[in-house]
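Go by the hints and put chain E onto chain H.
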Amino acid sequence: MRTAILSLCAVLLCPLASPWNWATVSAQSAAAKPDSIAGKKLFQENCSTCHGLDGGGGRGPNLHTPKLKHAADERSLRALIGNGISPDMPAAWFLTDDEVANVASYVLTLGRVPQEKVPGDPVRGAAVYTHAHCDMCHIVSGLGNAVGPDLTDVNARRGAGQLHQTLEHPELTIPDSFLLVEATPLSGTSIQGIRLNEDSFSIQIRDISGHFYSFRKADLKELKKLRGTTPMPSYQKRLSATELDDLVAYLAAQRGPS
Amino acid sequence: MRVLILLVLSASFVRAQVPFTRIVDADKEPGNWLTYSRTLDGHRYSPLTEINAQNVANLHVKWAHQFPDPSTEASPIVVDGILYVTGPNSAAAIDGRTGRTLWQWNRPLPSDFVSIGFGHTNRGAAVLDDKLFVATLDGYLVALDLKSGTERWSARVLDYKLGYSMTMAPLAIDGKVVVGVSGGEAGIRGFIDAYDARTGNQAWRFYTIPAPGDPGHETWSGDDWKTGGGATWVTGAYDPELKLVYWGVGNPGPDWNGDVRPGDNLYTCSFVALDADTGKLRWHFQFTPHDTHDWDSTHVPILFDAVVGNEKRKLISIANRNAFYYVLDRTTGEFITGRPYAKQTWAQGLDAKGRPIMLPDSQPTEKGALIWPNANGATVWQSPSYSPKTDLVYVSVREIGATYFKRTTPYKPGVLFAGGGENELPPDDVWGAIRALKAETGEMKWEFKLLSPPWAGVLSTAGGLVFSGSDEGNFYALDAETGKPLWDFQTGGPIAANPVAFNVDGHEYVAIAADRVLYVFSL
Numbered sequence: 001m002r003t004a005i006l007s008l009c010a011v012l013l014c015p016l017a018s019p020w021n022w023a024t025v026s027a028q029s030a031a032a033k034p035d036s037i038a039g040k041k042l043f044q045e046n047c048s049t050c051h052g053l054d055g056g057g058g059r060g061p062n063l064h065t066p067k068l069k070h071a072a073d074e075r076s077l078r079a080l081i082g083n084g085i086s087p088d089m090p091a092a093w094f095l096t097d098d099e100v101a102n103v104a105s106y107v108l109t110l111g112r113v114p115q116e117k118v119p120g121d122p123v124r125g126a127a128v129y130t131h132a133h134c135d136m137c138h139i140v141s142g143l144g145n146a147v148g149p150d151l152t153d154v155n156a157r158r159g160a161g162q163l164h165q166t167l168e169h170p171e172l173t174i175p176d177s178f179l180l181v182e183a184t185p186l187s188g189t190s191i192q193g194i195r196l197n198e199d200s201f202s203i204q205i206r207d208i209s210g211h212f213y214s215f216r217k218a219d220l221k222e223l224k225k226l227r228g229t230t231p232m233p234s235y236q237k238r239l240s241a242t243e244l245d246d247l248v249a250y251l252a253a254q255r256g257p258s
Numbered sequence: 259m260r261v262l263i264l265l266v267l268s269a270s271f272v273r274a275q276v277p278f279t280r281i282v283d284a285d286k287e288p289g290n291w292l293t294y295s296r297t298l299d300g301h302r303y304s305p306l307t308e309i310n311a312q313n314v315a316n317l318h319v320k321w322a323h324q325f326p327d328p329s330t331e332a333s334p335i336v337v338d339g340i341l342y343v344t345g346p347n348s349a350a351a352i353d354g355r356t357g358r359t360l361w362q363w364n365r366p367l368p369s370d371f372v373s374i375g376f377g378h379t380n381r382g383a384a385v386l387d388d389k390l391f392v393a394t395l396d397g398y399l400v401a402l403d404l405k406s407g408t409e410r411w412s413a414r415v416l417d418y419k420l421g422y423s424m425t426m427a428p429l430a431i432d433g434k435v436v437v438g439v440s441g442g443e444a445g446i447r448g449f450i451d452a453y454d455a456r457t458g459n460q461a462w463r464f465y466t467i468p469a470p471g472d473p474g475h476e477t478w479s480g481d482d483w484k485t486g487g488g489a490t491w492v493t494g495a496y497d498p499e500l501k502l503v504y505w506g507v508g509n510p511g512p513d514w515n516g517d518v519r520p521g522d523n524l525y526t527c528s529f530v531a532l533d534a535d536t537g538k539l540r541w542h543f544q545f546t547p548h549d550t551h552d553w554d555s556t557h558v559p560i561l562f563d564a565v566v567g568n569e570k571r572k573l574i575s576i577a578n579r580n581a582f583y584y585v586l587d588r589t590t591g592e593f594i595t596g597r598p599y600a601k602q603t604w605a606q607g608l609d610a611k612g613r614p615i616m617l618p619d620s621q622p623t624e625k626g627a628l629i630w631p632n633a634n635g636a637t638v639w640q641s642p643s644y645s646p647k648t649d650l651v652y653v654s655v656r657e658i659g660a661t662y663f664k665r666t667t668p669y670k671p672g673v674l675f676a677g678g679g680e681n682e683l684p685p686d687d688v689w690g691a692i693r694a695l696k697a698e699t700g701e702m703k704w705e706f707k708l709l710s711p712p713w714a715g716v717l718s719t720a721g722g723l724v725f726s727g728s729d730e731g732n733f734y735a736l737d738a739e740t741g742k743p744l745w746d747f748q749t750g751g752p753i754a755a756n757p758v759a760f761n762v763d764g765h766e767y768v769a770i771a772a773d774r775v776l777y778v779f780s781l
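Quick note, the sequences are listed as chains H and E, same order.
Position 156, counted from 1, in the first sequence is what this note's numbering calls 156; the numbers after and before it change by one each time, with no gaps.
Position 54, counted from 1, in the second sequence is what this note's numbering calls 312; the numbers after and before it change by one each time, with no gaps.
Don't read these hints as lab results, they were simulated from the structure.
Note that the coordinates shown come from a computational prediction; the quantities given were computed from them, not determined experimentally.
Just to be clear, a hint being listed does not mean it is correct.
As the list claims (entries may be wrong) - What follows is a set of in silico ranges between Cβ atoms, one per label pair, in the way DEER data are often shown:
1. H:H131 with E:P326: 55 to 63 Å
2. E:S369 with H:H70: 20 to 28 Å
3. E:Q606 with H:Q236: 42 to 50 Å
4. E:P618 with H:A38: 26 to 34 Å
5. H:G256 with E:G764: 30 to 38 Å
6. H:D219 with E:T699: 35 to 43 Å
Backbone N, C-alpha and C define an ideal beta-carbon position, used for all residues, glycine too.
Only chain H is shown next, with the shape it has when bound in the complex:
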């Protein structure tokens, strides 16, 4: 999610790799029934780096959901796998249309499995969320601050396992679109915040109190990309094991408007 512009209009950007018309391919794709078992193997080989081995999410979203954010049905899911979502998801243009159909078929099985059972209690978890002041940095259903990701539909991106890991080791699961940077102007003090966008000549940043900054890189003394660093603390020791389970249960219930 480097730039909003790119995500909107760069579907056909990569002149060799991504931009071929998968919709056309799919329309005439083989009549054989897709094989979700074969699709699972292909998924683990090609997709699990971002979506997790079981599709529970990671750098890419959690796929254990009955409603995929970018694909309304199997046909559009095949097109999406073939074309990618530039610049976030590469096109699987090297898979044949049968292989793409198999992967799509497997991904759709993920949405049919029942919601995962989590040990905690979501009602108690809501109280933990408040006491731990998560709303200082996150929004749920319109309440809170937008320093970190909006959590209204966080379960669409991350399953319970991922959420647990984030609470304990937030530095290991920083979303791509939340890179922390520190910009030092030629004159004036340093600004630390989340990179909202960047190109070769400029960068746009939102700091922890929600202020937007737009810098020309030529006007900066230094621009540090604090990869692996996050303003979010670890809650491993701040919360008890039960509180963590409850908080995970509360967050796993945040699936957005149905």
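Chain E alone, transformed into the frame defined by chain H:
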């Protein structure tokens, strides 16, 4: 509207004829852009000086033109104040003063057309005499009347149902139009064709994969050659004195699994020099024998003359997708020198004849192997530029590594035949640059770093400037001597096209396509 167009036409179509002598003598009319790279030697260099290092900061948008299709990769042709632009199966003439369309042409794409491994795109046209030449995705070379856009003839070059296509700008040489084909991921047998510019009759064909009995066939085994790939999808160059056409050849098929095609697989990943009259092979040079990384050698080459040792030589240089820069003798194909210009982890270096000395663990595996550059790394189809003033070659460099893996893919006509694939490193682990290389050696003089790997080509000018674009939409000018950034403009769309410079009413304009908009700048 009609009256206005008539006025512009009368003002601009003074000559409306582009005999081959005008293209050969392009430097006599620096305000025009008569062939893909402006000159037949592939330089993409403009002798114009009105826009220069002192005043480029004042550059502003003169007009913009919206294309019917997104992701434009076209490089305009400019003749006497009129721009000729192309899209997938389309072309148009545009008034250079205002950006208004003068005529438009398109040819419907068959509903069963499928592009395998590339986009619905077109990179430009060629002009010769009274015609504009456009190659279509579904395999026709079409000659349009320069004045009206009406079809004069069309020649069927290929069968798209087998995975062939065309996306490049044709190259007009003396009396002929040369084209190459896409389809290197579909198990095609590549070729380069020439057509009589007047009639559309085929003049010759050169197959890039030699048949039984032809020299080079011994580098294949069994029937491998029939699906050997060797696409020719980027415009080449021409030396009118030697009467040689220089053209790059793409990867062998299947791309990533070399086990099924033992041997060097000539003439894939090579440059070929063809006799312009007959299409016969004069020489070849293979950059990546038995390629397994999809490193097409489909580049615009740079023809230049320089002293090597004590002797003035006619040279050709290629910044190759395998991350090495090569200088060859363009009369004989003899290897002169070569060195890496981008990050690479596959070769120890080049031997005395220019053949790579492979490193271990540099091949795709079942599990996947991390290798630099990736399949779209180092540089791809985007044009380099050569400035005779600085004697530097400016290359748009993509620094990406990828995990390459191989698979078993049976050949089926008209279906992807890749034999594997790759997973690119994530966006924050890759970057780009414009690098200025000394033409005779490839030694780097300067680089300008970019946030991400670019798809934009390079234009250099006698005004001491280098223009290029970024994936994030920046169109920018650098100092040609130092690489210092002097000006930039956010176009709002990713740039995957080559810039051009020309004159309208005696004043210099610079143009670049960004997504679906052609921007034209002047002082």
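We went through each hint and held it up to the structure:
1. H:H131 with E:P326: 55 to 63 Å: Holds - the Cβ-Cβ distance for H131 (chain H) and P326 (chain E), about 58 Å, lies within 55 to 63 Å.
2. E:S369 with H:H70: 20 to 28 Å: holds, 26 Å
3. E:Q606 with H:Q236: 42 to 50 Å: For Q236 (chain H) against Q606 (chain E), whose Cβ atoms are near 47 Å apart, the range 42 to 50 Å holds.
4. E:P618 with H:A38: 26 to 34 Å: Given range 26 to 34 Å: holds, Cβ gap about 32 Å.
5. H:G256 with E:G764: 30 to 38 Å: violated, 60 Å
6. H:D219 with E:T699: 35 to 43 Å: holds, 37 Å
Taken one by one, the earlier hints fail for this structure only at number 5.
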